[in-house]
Structure formats: structure tokens, C-alpha cells
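Protein chains: 2
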Amino acid sequence: MKITIAQINPIIGDIEGNFIKIKDAILKALSDKSDIVVFSELSLLGYPPFDLLKNNIIKNKIEEGVKRILQENFPINILLGAPYFEDNRIYNSIYWIKENKIIKRIDKFYFSNDPIGQGNYFSYGTPDFLEIDNKKIGLFIGDDFIFSSDHSNYKDYLKTSDLILIISSSFYYFGKRQERIEKISQLAKGIEKEVIYVNQVGGNGELIFEGGSLAISKKGELLFEGEIFKEDIKTIDLKNLYPTSSKGEDISFLYDGLVLGVRDFIKKSGFQKAVIGLSGGIDSALVACIAREALGEENVLGVSLPSIYTSRESIEDAEKLSKNLGIEFRIIPISDIFYSYLKELNPSGNPIMDVAEENLQSRIRGNLLMFISNREEYILLATGNRSEALTGYCTLYGDTAGALEVIGDIYKTTVYELANYVNKNNEIIPQNILAKAPSAELRPGQKDEDSLPPYSILDPILKAYVDENKSLEEIVQMGYKREIVKTVIEKVERSEYKRRQIPPVLRIRSKNPLKERIFPLVYKII
Amino acid sequence: MKITIAQINPIIGDIEGNFIKIKDAILKALSDKSDIVVFSELSLLGYPPFDLLKNNIIKNKIEEGVKRILQENFPINILLGAPYFEDNRIYNSIYWIKENKIIKRIDKFYFSNDPIGQGNYFSYGTPDFLEIDNKKIGLFIGDDFIFSSDHSNYKDYLKTSDLILIISSSFYYFGKRQERIEKISQLAKGIEKEVIYVNQVGGNGELIFEGGSLAISKKGELLFEGEIFKEDIKTIDLKNLYPTSSKGEDISFLYDGLVLGVRDFIKKSGFQKAVIGLSGGIDSALVACIAREALGEENVLGVSLPSIYTSRESIEDAEKLSKNLGIEFRIIPISDIFYSYLKELNPSGNPIMDVAEENLQSRIRGNLLMFISNREEYILLATGNRSEALTGYCTLYGDTAGALEVIGDIYKTTVYELANYVNKNNEIIPQNILAKAPSAELRPGQKDEDSLPPYSILDPILKAYVDENKSLEEIVQMGYKREIVKTVIEKVERSEYKRRQIPPVLRIRSKNPLKERIFPLVYKII
Numbered sequence: 001m002k003i004t005i006a007q008i009n010p011i012i013g014d015i016e017g018n019f020i021k022i023k024d025a026i027l028k029a030l031s032d033k034s035d036i037v038v039f040s041e042l043s044l045l046g047y048p049p050f051d052l053l054k055n056n057i058i059k060n061k062i063e064e065g066v067k068r069i070l071q072e073n074f075p076i077n078i079l080l081g082a083p084y085f086e087d088n089r090i091y092n093s094i095y096w097i098k099e100n101k102i103i104k105r106i107d108k109f110y111f112s113n114d115p116i117g118q119g120n121y122f123s124y125g126t127p128d129f130l131e132i133d134n135k136k137i138g139l140f141i142g143d144d145f146i147f148s149s150d151h152s153n154y155k156d157y158l159k160t161s162d163l164i165l166i167i168s169s170s171f172y173y174f175g176k177r178q179e180r181i182e183k184i185s186q187l188a189k190g191i192e193k194e195v196i197y198v199n200q201v202g203g204n205g206e207l208i209f210e211g212g213s214l215a216i217s218k219k220g221e222l223l224f225e226g227e228i229f230k231e232d233i234k235t236i237d238l239k240n241l242y243p244t245s246s247k248g249e250d251i252s253f254l255y256d257g258l259v260l261g262v263r264d265f266i267k268k269s270g271f272q273k274a275v276i277g278l279s280g281g282i283d284s285a286l287v288a289c290i291a292r293e294a295l296g297e298e299n300v301l302g303v304s305l306p307s308i309y310t311s312r313e314s315i316e317d318a319e320k321l322s323k324n325l326g327i328e329f330r331i332i333p334i335s336d337i338f339y340s341y342l343k344e345l346n347p348s349g350n351p352i353m354d355v356a357e358e359n360l361q362s363r364i365r366g367n368l369l370m371f372i373s374n375r376e377e378y379i380l381l382a383t384g385n386r387s388e389a390l391t392g393y394c395t396l397y398g399d400t401a402g403a404l405e406v407i408g409d410i411y412k413t414t415v416y417e418l419a420n421y422v423n424k425n426n427e428i429i430p431q432n433i434l435a436k437a438p439s440a441e442l443r444p445g446q447k448d449e450d451s452l453p454p455y456s457i458l459d460p461i462l463k464a465y466v467d468e469n470k471s472l473e474e475i476v477q478m479g480y481k482r483e484i485v486k487t488v489i490e491k492v493e494r495s496e497y498k499r500r501q502i503p504p505v506l507r508i509r510s511k512n513p514l515k516e517r518i519f520p521l522v523y524k525i526i
Numbered sequence: 001m002k003i004t005i006a007q008i009n010p011i012i013g014d015i016e017g018n019f020i021k022i023k024d025a026i027l028k029a030l031s032d033k034s035d036i037v038v039f040s041e042l043s044l045l046g047y048p049p050f051d052l053l054k055n056n057i058i059k060n061k062i063e064e065g066v067k068r069i070l071q072e073n074f075p076i077n078i079l080l081g082a083p084y085f086e087d088n089r090i091y092n093s094i095y096w097i098k099e100n101k102i103i104k105r106i107d108k109f110y111f112s113n114d115p116i117g118q119g120n121y122f123s124y125g126t127p128d129f130l131e132i133d134n135k136k137i138g139l140f141i142g143d144d145f146i147f148s149s150d151h152s153n154y155k156d157y158l159k160t161s162d163l164i165l166i167i168s169s170s171f172y173y174f175g176k177r178q179e180r181i182e183k184i185s186q187l188a189k190g191i192e193k194e195v196i197y198v199n200q201v202g203g204n205g206e207l208i209f210e211g212g213s214l215a216i217s218k219k220g221e222l223l224f225e226g227e228i229f230k231e232d233i234k235t236i237d238l239k240n241l242y243p244t245s246s247k248g249e250d251i252s253f254l255y256d257g258l259v260l261g262v263r264d265f266i267k268k269s270g271f272q273k274a275v276i277g278l279s280g281g282i283d284s285a286l287v288a289c290i291a292r293e294a295l296g297e298e299n300v301l302g303v304s305l306p307s308i309y310t311s312r313e314s315i316e317d318a319e320k321l322s323k324n325l326g327i328e329f330r331i332i333p334i335s336d337i338f339y340s341y342l343k344e345l346n347p348s349g350n351p352i353m354d355v356a357e358e359n360l361q362s363r364i365r366g367n368l369l370m371f372i373s374n375r376e377e378y379i380l381l382a383t384g385n386r387s388e389a390l391t392g393y394c395t396l397y398g399d400t401a402g403a404l405e406v407i408g409d410i411y412k413t414t415v416y417e418l419a420n421y422v423n424k425n426n427e428i429i430p431q432n433i434l435a436k437a438p439s440a441e442l443r444p445g446q447k448d449e450d451s452l453p454p455y456s457i458l459d460p461i462l463k464a465y466v467d468e469n470k471s472l473e474e475i476v477q478m479g480y481k482r483e484i485v486k487t488v489i490e491k492v493e494r495s496e497y498k499r500r501q502i503p504p505v506l507r508i509r510s511k512n513p514l515k516e517r518i519f520p521l522v523y524k525i526i
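So the protein sequences, as listed, match chains R and A.
So the first sequence is numbered by the UniProt record's numbering: it starts at 1 and just counts up by one.
So the second sequence is numbered by the UniProt record's numbering: it starts at 1 and just counts up by one.
Read the hints as simulated data drawn from the structure, not as lab findings.
All values reported here derive from a predicted model rather than from experimental measurement.
Possibly wrong hints are sitting among the right ones.
The list treats identical chains as interchangeable, and a pair is accepted whether it falls inside one copy or across any two copies.
No more than 27 angstroms apart at the CA atoms, straight line, and that leaves these computed lysine-lysine pairs for DSS-like [what the hints assert, rightly or not]:
| id | residue 1 | residue 2 |
| --- | --- | --- |
| 1 | 23 | 101 |
| 2 | 59 | 463 |
| 3 | 481 | 234 |
| 4 | 193 | 135 |
| 5 | 67 | 486 |
| 6 | 189 | 135 |
| 7 | 21 | 230 |
| 8 | 273 | 189 |
| 9 | 267 | 524 |
The task is simple: from the sequences and hints, build the whole structure.
Rendered as C-alpha cells:
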């Protein structure tokens, strides 16, 4: 039995566009003389659709889309993911289509308490089999089932199946890929059945789907792995496949994911170009590299926005980086604008030059970049990292201005790793940017370490407190000074209001992307 | 049997502060010679706590807080809402405490699929009774049960109870109060038992809790209604109460809710003062009135930020409003700052003066107000309304800058109703502000109606599309022109990215506050 795994990159809501991709994949499957073509979860609609599911326009389009596929009368078994609307209920379904008939519809029957909140939208289906080519195929929609610890309710279902098919759209976070392969291998081995796993690929808003569809043998061996972060339509025949090894998740994996995230965010939004404020620091340098990789050098603009506190070195570093990347570079000084504000704000007397003036400079930069964005149709990419966002070391409407925080989910220490990866073959990011001490350059001689512990201490404390929910006491026992830990926790707790207004963050490192940290807006614990 | 209803206003996470309020209420109950004192759901912690539940600091504080109450050895039955932590589980519990003992703990056993997502945090308990004074008291935590349509599983439980107690922390939206009273009356009547309903009061972040605790007779009559939008500790004896009528939800109700929301947002954040940009328009005028009511005239600052396009009338209207309110008023012109930007952005040639320059002016205003906020410790209140937020008729980092959107949940047509309510006795908001055509004054002669349909048409279309999920076709059938409906839908669909970055919105009008509109960030349906 030949199976075509159709790992496509849909745009959420764009039924017409997704239909074209689906049709192309079916034609490829037909030319491969395949028996079945399998698409990812909700592929006709794109995943995750959230409240679009409740939108009548979408309902009609989905129903038309399914009709169009039937009308095409394709002589092949098609397993297509799409919602099914019935009275007041919606199901997350797989339509088994052959020629002009829906042979069967199987609705998702197993939900975990997932962060996308599927339970808020979908009703429960009941398990059923697909009988194709004298084989009983067991079908799970989503990878909720794989990641759950208790499979006992489905023992008989699994046992009766000749083959297990998992049709999923499961977003990526660092470490999840390996975990997923292990869980599916265990499942396959435990029931001694082959398992095929089909996943969505592409960036959809903040979420990134890595693709990497799988075929696993009865012994739990990897037989096939689809392309990572790329569309991939491949026809496989399980009996002709041999054990292979997975590509593994290294720093390049993370980088490629961010590149795809930026590319799809901008292109799916209908834009081509990105503008980035280049401070001469490492964060904006890394974002520029990612954007160039995602969009091409002709579509990226770097802007240096020097103030009286900006060193000549910073401007030169930004310029050198732009030259290395082959991107356009502009310089717009902010000093005169800054003084025009101070004149209105302090008509007499000297400016105080504290945090109000520091933030003002950052916000002037935000305004200038947004002006370019509005006038010349560039998407402004914000360049803050996760260490800054968690400690509130950023200026709302200033350096946080933009449509997307590209590295907002990446700790500063990982930013350095990514920058070194970019430079692996030749110096793209000028060495000086990597070597110098991080600084916001908002006052004379300012360094990040005046306000924050060194990142080599800060990041592990943040990971322990935020990602692992460790208490102050437990973190102190890890070997950090109580005073420092306390200061970091205070910074996190007092900056929730900033995180409510920063741009959407490409989620790639953290485990629980959408609900990672839901805190009351106003609360008091410290 | 005397019951003290303790309708308190807790700060989320502030166990020490909440403990003091709880102790005061217990002392009041003791002096009233009450038999039981009943607090709202999770009152020791404050509601909703979200991920604070997973925080070890909170866990320890809650356990200490409960211990402190036991140590006080109060000679009265106390029903106190607090989480119970057990291994890896958390329960939403009522502790029945008397003297130095926890007589019983009842854990929440009925959850709806609520927008706060309680199911993500809490494990299920089992129904149980409180036996006080020879009475079997049935206990429900939260009003999930009241708002569910199916009570059949709890028929026996309800029948066996002598009295039903509903301990809740249920946020307010316009219309919910009446619905709640009706549902509880139906319940009481249906089972022929008295029902007592205890609710939290206060603003907690975006959410507002109205209080208004209730006692309902066996016949479904209202016997007691606690204060609305105020703390209220009252001792009642059901056998001494007579039917009365509810206060009802009129426009004053909405206004009082917004006032409480602003007051608690600012005070619970540890601030005293608010600054508002006064454009001379109705939105900022209304927000200034609400802020003055919430904080007192000495704590509100109005700032006029005129550009070359600002009419003299607008400045005068803003000044007159400030005088009427007795608040401080400043004028900071933005023209020179605007020109200093244009000089850097267009070193040669004339500025184009399109949306880029319009947004720039709005953002200069945002910067100036944030400067005052940073320098003088004012909270900046944003003044956008719901009609603007839904159509994207606003400038990110400009007029949307601020810590809180006070009227972001209120349609423009309701803004007029609220303004007229403010002026019911004398002219607080100058008549000219109410009479003139709405304008952003970002270019010569600009009117809102150049970009949007009249609000009397826009608002019903938005309500139909967003609040009621009606399709284009259905809205056209309501009697609106297809072209206009299509334009409005397009505006809504294309401005999702703006709503991702606007400040938190005080939720008071809409039914589903936290998840009202969860859309993919990037999608395509129009």
C-alpha cells in the first residue's frame, strides 16, 4: 500500500489558497500511483483557527471547499482534515473522500487540556476505523493522545487496528520533536503496529509548525522523516522502508524555525519587506540575519537611530553588519527631535535625565521606525529577547514597537549561541558586536549589568522561576545569592503590565506557548 | 439562624491584606451574634488568580493564612474560600472553620467551560453538605451551576438540602445581573428551598465584580440584595426578611462599574493619580469624568496636546471640561516636535502628509503623556472606545498608549449615553463636546465619518457581526447596505494585529470578557 504524506503549509482561513495546495498534492499522489493521500489536521482551514470556527463566512467556505474536492472526482483515497458543522456543534474531522463521495467522516474523539483550547470549540466524536486495501486503519486526530500518559481506554481499538494513523497539526517548541518521536516509537513498539504521523508545516502567527511527518516501524524504529520547516509531499510504501535516524534538534533547528516564522508571518500578512532598528547590539543584529534569510537581502532595511549617547562604534557596527548582509542601511539621528521634546516638557530649567528621558529616546526611535513602516510598507520587527521581556527591561512603545517580537522567546544566552551559529563559516555579525558588553545606550556609559545581573546568572534564575515554577528557596539552593534571586523575582512580578502590550512573540523555545504565563493584570505577591 | 454575608474586595495575591479584611468581617459577624460568616469564592487569595495558583510563594502564603485564622480561634462558623494544595493537585475549596479547627473542606465539584479556564487549574471535588444548626446546607462554589441548563445530576443533592449556599466570584457584564437573579430565583422556586448567593466585589485588572450578594426565598422572591460595586458585610436572618425588588441595571450601573474598575486598577497597582490626554472630544471627556469620580479631582490631570490641525474650540472645550471637573489642566503643543521629525524624515522636499504623518502626531502625543506618567507617577488612561478598537480606527503607541483602556468595551453610541448620564443634573461635559461631529483632528477638516459609517449604523453592524456572529448576508437582511457591511467586516478582520497590542480593556459590556475574540494573528478570510 502506497501512502502519500501531504505536509502542506496552509494559510489560516484561506480556503481557496489551501484548496490549490491540496489539489496539487492529490495530483502528485495520483502521478505516484499512491493508494491514499493524507493531509494534516484541519488542513483545508489551516490550524489553529480559534474563533474563526464560529464565523459563518468560514463555515460556508469550508462546505464549498469540500464540495469542490468531491466535484473533482479524484480516483484516490483522500484523508482531508476540515471542521464539520452540524447544527450548533463543530467537529474536528477527517473526511475520507474517494471520487465524488465522502466514504466516512471520523471526528476527533480524544482531547487533552491543550493550550489552544480545542475543547472550547469542538464536540467529541467516537473512534472508528478506515478500511482501505483490506487494512483496518486506526485514526487519531491531533497528538493529544501521544502526549497523554494513559492509553488504557483505547487498548482494544489499538489492538484491532492494522496500522495507526496520527493526523496532527502540532506546533513546535525546542525539545518537543525528540519527545514526540520517542512517544510515537513507544506507542508503536507497545502495540507492535506501524504508525504514520502527518504534521502541518509553516508559521501561523506566533506559532511555528515544523512538519517532519513520520513513519515508525512495529519495532519503534524511524522509517521515514519528512522535511523539517518545509512543505513536503512524499509517497512512501512501508514495506520498502528501512530504519534511519532523525535529524535531531540543534541550534540550526532553532534558527531555521525562526526564519520560517518570520517569512510566513510577513508573507501571509500580505507584506514583503521588513525594517529593523539596528542599535549596534547583538539582538537587533541577530534579527536582521533572520529577516535577511527569510525575505532576501533586497527586502530588509536596517536603520541606525543614534542619540547623543550612541557611540560611534555602535553606528559603525550596524553599518558593517548591513554591508555583510547586503541590506539597505539608513541613519536617522534622534538628538534634535529629543531636544524638541525637552523644550516643550521643560520650558525652563534643565532636564532631569532619568528614566522618563531614557524611555523618551527609545519611543522616538519607535515612532521613526513606525513612520517608515507606515510610509513604505515595511513590517517593523521588534528585537527584544526573553530575558528582557521577563524582567521588563524594555520600553513600551519604544524598543517593543513592532508587529512581531522575533526573538522574544529566546533567552539572551541563547541569542549569543544563535549569533555564533550565524557566524559559523564567516563573520556576518561583526565580532565587535559579539564581544562588547550589552547596553541600551540611553545614558552615558550605561550597561545592562547596571540594572540586571549578568545574563549567565539571570537566565538560569528566570528559567527556574518562570519555566520550572521553582520557589525563591529552591533557586537559592541551586547556588544563587538570595538577594539576586529576590531582585529577579520582583522584576518579573512587577513587569506583567508590559508583557500585556508587547507585540506577539514567535514561540519556539517555550513549552506552553499560548498560555505560558497568564497572570492577573493587577496583583501583589512581593 | 443568623448568616453574615461578607462581600469583600480582595487584592489578588495579597494574602496579608485580604486576611485583615476577613478578620474585620468576622469581628463584625461576632458582634452581630451571627451563626455563620460566609466569604466569596477564593476570597483569601482574590479572584481570578490564574497562574499565581502554580506559584510556590502563593501556596505557602495561603497555607499560612489559613493557619492564622485557626490560631485566632474565632467562636463562629466561618466559610472561607481558598485553594487547597495537595501533592500535584489544586482544589477550589471552601474551608468550614470553627474555633481552631477545620471542620470540613468542600472542593468545587461542578465546572463549566468558563472563560477563566478553571478546568486548567483545579481538580474536581465531590458534593458534600455542611451541617450547621441542625440544617443541611448544600454548597455550590461558583455560579457555573446556575448558568448551566442541566441540573439533573444534582437532583437528589438539591432535594436533601435544607438551604442552598452559592459561594461565587463572578465578574460582571451588562445584562448578567438580571440573568443571574432570574436563574437563582428559578432554581429556588424549582426546588422550593431558600438560596443564599455570596459574590466578590471590586475591580481586579480588566474584570469588575459587582458584589450584590443575594438571598432568595423558597418562592423565588428576592429577600436581600447586597450593595452593588461596594464592600458590604451584612448579617441577615432569613425568617425576618420580606420580598423586595432588585436595583436593576440602568446606565448608572454601567457608569458606577467603570468608576470602580478605574479606582481599583489604579489603587491596587499602588498608584494614586491618572493622566488623560484631552482632545476636546467625547471619549476623553467621559474618561476624565470617570477618573475624577474614581480618584478625586486632586488626582486627575488633563492634558491638551494641540497640533496645527487642532481647532481652538477643542482646546477650549478641554479646558472648560477640566474647570468643570476641578482637575489640573495643561497644554503642550506638538507642532514643533512634529516638524523636528519631518526635518529628519524629509530632509529635502515637502512632507506627503498621509497616514504616516497622521499616526506620527498621535504617537508624539502618546510619548508626551508617557513622559508625564514616567516622571510624575501618573497612570496614563487610554480613551479609545469599542467601535474604534474593532474597526482599527486608532493609532498603536499613539492614542492607544496607556495602562488601561477605560471605555474600550463601550460602543461609541453608549459613550454618548454615558456622557448624557454624567450631565443629568448639570453640564459637566461642555454641550459643545456632545454636539460636534467626532474627529481625530489629524488632518484639515477630518471627521470620523470620512473613514467610518455614522456610529448609529456602525455600532449595530459591529454588534451583529462581532457580538452575535451574524454573517454578512444576515446583516444585510437586517436592513444595512451590503457595501457598508462589507467595509465594516473588512475593517474588523484587518485590524486584529492592533487589538493584540492595545492596553488591557475594562470589561463591562461584553458577555465573554477574556476570550471574546480570539483570532489567529495572521489569517485571510476577506
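Structure versus earlier hints - violations, ascending order: 3 and 8
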